[in-house]
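There are 2 protein chains.
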Amino acid sequence: MKPTSSTFLLPALSIALSYATLVVGAAHAQTADPAAEVRRVLASPIYQSATAALDKEHGRIVEDGIKPTEIPAPPFGEKARAEEFAKMLKASGLSDVQIDPEGNVLGLRKGTRSDGKVVVVSAHLDTVFPAGTDVKVKRQGTKLYAPGIGDDTMSLSVLLGFVRAMKTAGISTCDDILFVGTVGEEGPGDLRGVRYLFTKGSYKDKIKSFFSVESGDVNRVTHGGVGSKRYRITFSGPGGHSFGAFGTVNPMFAQAQAAVEFARIQVPAKPKTTYSIGLIGGGTSVNSIPVSSWMEIDMRSESVDELKRVEDRMLKIVQEAADGENFARSTKNAKITVEAKLIGDRPAGNTDMKADIVQIAKAAIEAGGYTPDLNWSSTDSNMPMNLGIPALTIGRGGIGRNGRTHSLDEWEDVEKGPMVKAMATSLSIVLSATGME
Amino acid sequence: MKPTSSTFLLPALSIALSYATLVVGAAHAQTADPAAEVRRVLASPIYQSATAALDKEHGRIVEDGIKPTEIPAPPFGEKARAEEFAKMLKASGLSDVQIDPEGNVLGLRKGTRSDGKVVVVSAHLDTVFPAGTDVKVKRQGTKLYAPGIGDDTMSLSVLLGFVRAMKTAGISTCDDILFVGTVGEEGPGDLRGVRYLFTKGSYKDKIKSFFSVESGDVNRVTHGGVGSKRYRITFSGPGGHSFGAFGTVNPMFAQAQAAVEFARIQVPAKPKTTYSIGLIGGGTSVNSIPVSSWMEIDMRSESVDELKRVEDRMLKIVQEAADGENFARSTKNAKITVEAKLIGDRPAGNTDMKADIVQIAKAAIEAGGYTPDLNWSSTDSNMPMNLGIPALTIGRGGIGRNGRTHSLDEWEDVEKGPMVKAMATSLSIVLSATGME
Chain A
8 MKPTSSTFLL PALSIALSYA TLVVGAAHAQ TADPAAEVRR VLASPIYQSA
58 TAALDKEHGR IVEDGIKPTE IPAPPFGEKA RAEEFAKMLK ASGLSDVQID
108 PEGNVLGLRK GTRSDGKVVV VSAHLDTVFP AGTDVKVKRQ GTKLYAPGIG
158 DDTMSLSVLL GFVRAMKTAG ISTCDDILFV GTVGEEGPGD LRGVRYLFTK
208 GSYKDKIKSF FSVESGDVNR VTHGGVGSKR YRITFSGPGG HSFGAFGTVN
258 PMFAQAQAAV EFARIQVPAK PKTTYSIGLI GGGTSVNSIP VSSWMEIDMR
308 SESVDELKRV EDRMLKIVQE AADGENFARS TKNAKITVEA KLIGDRPAGN
358 TDMKADIVQI AKAAIEAGGY TPDLNWSSTD SNMPMNLGIP ALTIGRGGIG
408 RNGRTHSLDE WEDVEKGPMV KAMATSLSIV LSATGME
Chain B
8 MKPTSSTFLL PALSIALSYA TLVVGAAHAQ TADPAAEVRR VLASPIYQSA
58 TAALDKEHGR IVEDGIKPTE IPAPPFGEKA RAEEFAKMLK ASGLSDVQID
108 PEGNVLGLRK GTRSDGKVVV VSAHLDTVFP AGTDVKVKRQ GTKLYAPGIG
158 DDTMSLSVLL GFVRAMKTAG ISTCDDILFV GTVGEEGPGD LRGVRYLFTK
208 GSYKDKIKSF FSVESGDVNR VTHGGVGSKR YRITFSGPGG HSFGAFGTVN
258 PMFAQAQAAV EFARIQVPAK PKTTYSIGLI GGGTSVNSIP VSSWMEIDMR
308 SESVDELKRV EDRMLKIVQE AADGENFARS TKNAKITVEA KLIGDRPAGN
358 TDMKADIVQI AKAAIEAGGY TPDLNWSSTD SNMPMNLGIP ALTIGRGGIG
408 RNGRTHSLDE WEDVEKGPMV KAMATSLSIV LSATGME
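Those sequence lines, one after another, are chains A and B. Quick note on numbering: my numbering labels position 89 of the first sequence as 96, and the sequence is numbered without any gaps. Quick note on numbering: my numbering labels position 356 of the second sequence as 363, and the sequence is numbered without any gaps.
Because the hints were derived from the structure by calculation, they are not lab data. Just to be clear, a hint being listed does not mean it is correct.
Copies of the same chain look alike in the list, so a pair counts if it fits in one copy or across any two.
Once the Cα atoms are required to be at most 27 Å apart in a straight line, the calculated BS3-like pairs of lysine-lysine come out as [as the list claims (entries may be wrong)]:
{"hint": "1", "residue 1": "Lys-124", "residue 2": "Lys-211"}
{"hint": "2", "residue 1": "Lys-279", "residue 2": "Lys-342"}
{"hint": "3", "residue 1": "Lys-277", "residue 2": "Lys-117"}
{"hint": "4", "residue 1": "Lys-342", "residue 2": "Lys-277"}
{"hint": "5", "residue 1": "Lys-348", "residue 2": "Lys-279"}
{"hint": "6", "residue 1": "Lys-74", "residue 2": "Lys-143"}
{"hint": "7", "residue 1": "Lys-279", "residue 2": "Lys-339"}
{"hint": "8", "residue 1": "Lys-174", "residue 2": "Lys-124"}
{"hint": "9", "residue 1": "Lys-86", "residue 2": "Lys-279"}
{"hint": "10", "residue 1": "Lys-97", "residue 2": "Lys-277"}
{"hint": "11", "residue 1": "Lys-277", "residue 2": "Lys-339"}
{"hint": "12", "residue 1": "Lys-348", "residue 2": "Lys-150"}
{"hint": "13", "residue 1": "Lys-428", "residue 2": "Lys-211"}
{"hint": "14", "residue 1": "Lys-143", "residue 2": "Lys-207"}
{"hint": "15", "residue 1": "Lys-339", "residue 2": "Lys-423"}
{"hint": "16", "residue 1": "Lys-207", "residue 2": "Lys-124"}
{"hint": "17", "residue 1": "Lys-342", "residue 2": "Lys-207"}
{"hint": "18", "residue 1": "Lys-86", "residue 2": "Lys-74"}
{"hint": "19", "residue 1": "Lys-74", "residue 2": "Lys-342"}
{"hint": "20", "residue 1": "Lys-117", "residue 2": "Lys-207"}
{"hint": "21", "residue 1": "Lys-143", "residue 2": "Lys-339"}
{"hint": "22", "residue 1": "Lys-279", "residue 2": "Lys-94"}
{"hint": "23", "residue 1": "Lys-86", "residue 2": "Lys-213"}
All chains should be modelled from the sequences, with the hints used to inform the complete structure.
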């Protein structure tokens, strides 16, 4: 997706959300008061029945979380886990289950008053852990240890739990709900799953709101998506013997000049905007003028415009640095050239604080006795947020019940009480947002 | 060795060589005319007898070169080859053969009028090739292919050939000759063998002149040793999340600043002085402010003073760059620090063009019908040259009879005629310089 298009989309969305949230945010019959809608859901006997089902099924949900955790799902290697999740989604009672060409698992639950659009409730299939990582789950009391157990594999099982609980309780929603297991949420995946869903898949232009269920505490609500652009910048030149070919252009000198200029860019504290050089490399031996040199750059912003400003400046700087080196040393054998390869592109965006789904999430979390923690992060929700589609990333775990995410000793405490209470709260958000009948 | 000491040694040597070469360069009875001495050697029947022995033994010399070539001798891994060479040196008839603590193989051939000092005739044991390289020799007609076959393993066998030919011909020399197989001539070895020989070994202060027999054409004479200093510069800092910890000092920004300043240093064309950054690295992921960053720097000069000037400036630059970064960004968690580690130190030096051994080498090469090619390079001779001891690196192969040095398809053509003629010429240099009786 091009940042130019999103630049125009975002201000338009802000206006729509401020003055017409009821129209944009929900097609089903809904009160003007999201908090009242949450209260209605929470008080209804069928919701109570659904939470009783979650309580009864707690053991199965845990087991269903362990199963996919032990199927490795590194970035770009989610296939086996996706196939298993598709099977489980079918077994949970959804009829229309498919794996899309990107690898996402989709399962539709029809609503009673569908307007042809869907509310997505998703979790991500992939983990940050490379192929070969030991993903065997180890238990210690109620604590489960395994890479990816919390982020985000247990959430897949929680989605299955929602589907079954809704069925057991006989819940109907106005809206169609599309349950999704996405690929590519983590680093190198670069949101490829959710990107496909919103820009190419069969539900493109048919998604009216989006929930990503994540490993975090149930009171966390990510309503802002920090955008990021990552580049691998490679400077190339003729190389040569460090003594014999002295005076020849050196790609590392050009790169250094670029880095120095890059480090001088002023950025605003609000919307928070940042940049860094995180990795560098190049060269073959200490006594050779290198033929190439590279650096990997990370730029982030809460604002599409600020991110683009830094990106544009960086691209200009690297070209100027290459040109400058070509004027500073000999180009007899070849000139320094520079290639800027986009290796990461997470679009920025946010869901207005006044949007229905934000109000619903806050009310549901407060009703559960938690204190809402609204924050910005970089998740699958970045994509819909950037496109102006109301989206939130919500938690589904007890407070402080998971840790060491992205490390080999990642853990999740599945103690029944806190886990069921948190799942019930998450479910109440989904049901309030989809118009439980 | 400190460049400061050599700074004082070298000018002193130049004077000595210019006005007192006969005294400094040779203890044995010698004419004032090195060319005449070469003519005397070449015309003598015992020299003719020695060359006849080389001719007769050509096949054995080739086989004795193949044997050590097939024993891997990577930098710091020359032990097995050294032990084999020590055995061969003993078998060639030298009595006093030893391996010194650094790993050099030493074999003494007593002279008839020894002044207690020795003339070293050496070749190096090590190759540039890492452990695991296939070092099996492949023949194609008179061409032998193998990593290290020419540089410098066949030279070890040529030394053995010299020892045997001198014995067969009944040659005595005035001077003691110390035949040496050195370790650590190539890159990372950093001249450790010859450095030990001249600064710590039992022959320290007892070497009056030095020949390194190398793979090159017999007409090449290296009389100047380009000095080099190599550093690995490491910048370290606290690191942090690229978004969360934005504003924190970044070691890569400090390094870039240092590289930019380094690239601005003016150096003279004569004495040729050069610098380069050849390798860079650092960082753990694109989205982390790195905790460290490094670059490997190569500086060379034909002049001790110029080399020191560039080195001093570089060391100042890297400190200034670290300081500058500490003023440019937050040091709340830690400051940027910089470590400069010397990873290569080849002292510069040269043997005066008027020195006896240079005149002898020129005359012998011309007498062989070749055109002397006097040059500067970086070889084992750097060490004695820097200490003010007359030293030359000489060839021992036919013109254009070797190639692809330092590559896996290195080759040497051992065709008898050109090889024997070249060896005979090299031997005449050694005999003229040691006072063949």
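Each hint tested on the structure:
no. : hint              : result
1   : Lys-124 / Lys-211 : within (10 Å within a copy, 89 Å between copies)
2   : Lys-279 / Lys-342 : between (38 Å within a copy, 24 Å between copies)
3   : Lys-277 / Lys-117 : neither (42 Å within a copy, 83 Å between copies)
4   : Lys-342 / Lys-277 : between (40 Å within a copy, 26 Å between copies)
5   : Lys-348 / Lys-279 : within (24 Å within a copy, 39 Å between copies)
6   : Lys-74 / Lys-143  : within (10 Å within a copy, 52 Å between copies)
7   : Lys-279 / Lys-339 : between (45 Å within a copy, 19 Å between copies)
8   : Lys-174 / Lys-124 : within (21 Å within a copy, 100 Å between copies)
9   : Lys-86 / Lys-279  : neither (36 Å within a copy, 60 Å between copies)
10  : Lys-97 / Lys-277  : neither (45 Å within a copy, 79 Å between copies)
11  : Lys-277 / Lys-339 : between (47 Å within a copy, 21 Å between copies)
12  : Lys-348 / Lys-150 : neither (42 Å within a copy, 46 Å between copies)
13  : Lys-428 / Lys-211 : neither (34 Å within a copy, 82 Å between copies)
14  : Lys-143 / Lys-207 : neither (35 Å within a copy, 57 Å between copies)
15  : Lys-339 / Lys-423 : neither (72 Å within a copy, 42 Å between copies)
16  : Lys-207 / Lys-124 : within (16 Å within a copy, 84 Å between copies)
17  : Lys-342 / Lys-207 : neither (41 Å within a copy, 48 Å between copies)
18  : Lys-86 / Lys-74   : within (15 Å within a copy, 54 Å between copies)
19  : Lys-74 / Lys-342  : neither (55 Å within a copy, 46 Å between copies)
20  : Lys-117 / Lys-207 : within (22 Å within a copy, 87 Å between copies)
21  : Lys-143 / Lys-339 : neither (58 Å within a copy, 39 Å between copies)
22  : Lys-279 / Lys-94  : neither (42 Å within a copy, 72 Å between copies)
23  : Lys-86 / Lys-213  : within (25 Å within a copy, 73 Å between copies)
The structure fails to meet hints 3, 9, 10, 12, 13, 14, 15, 17, 19, 21 and 22 from the earlier list, while all remaining hints are met.
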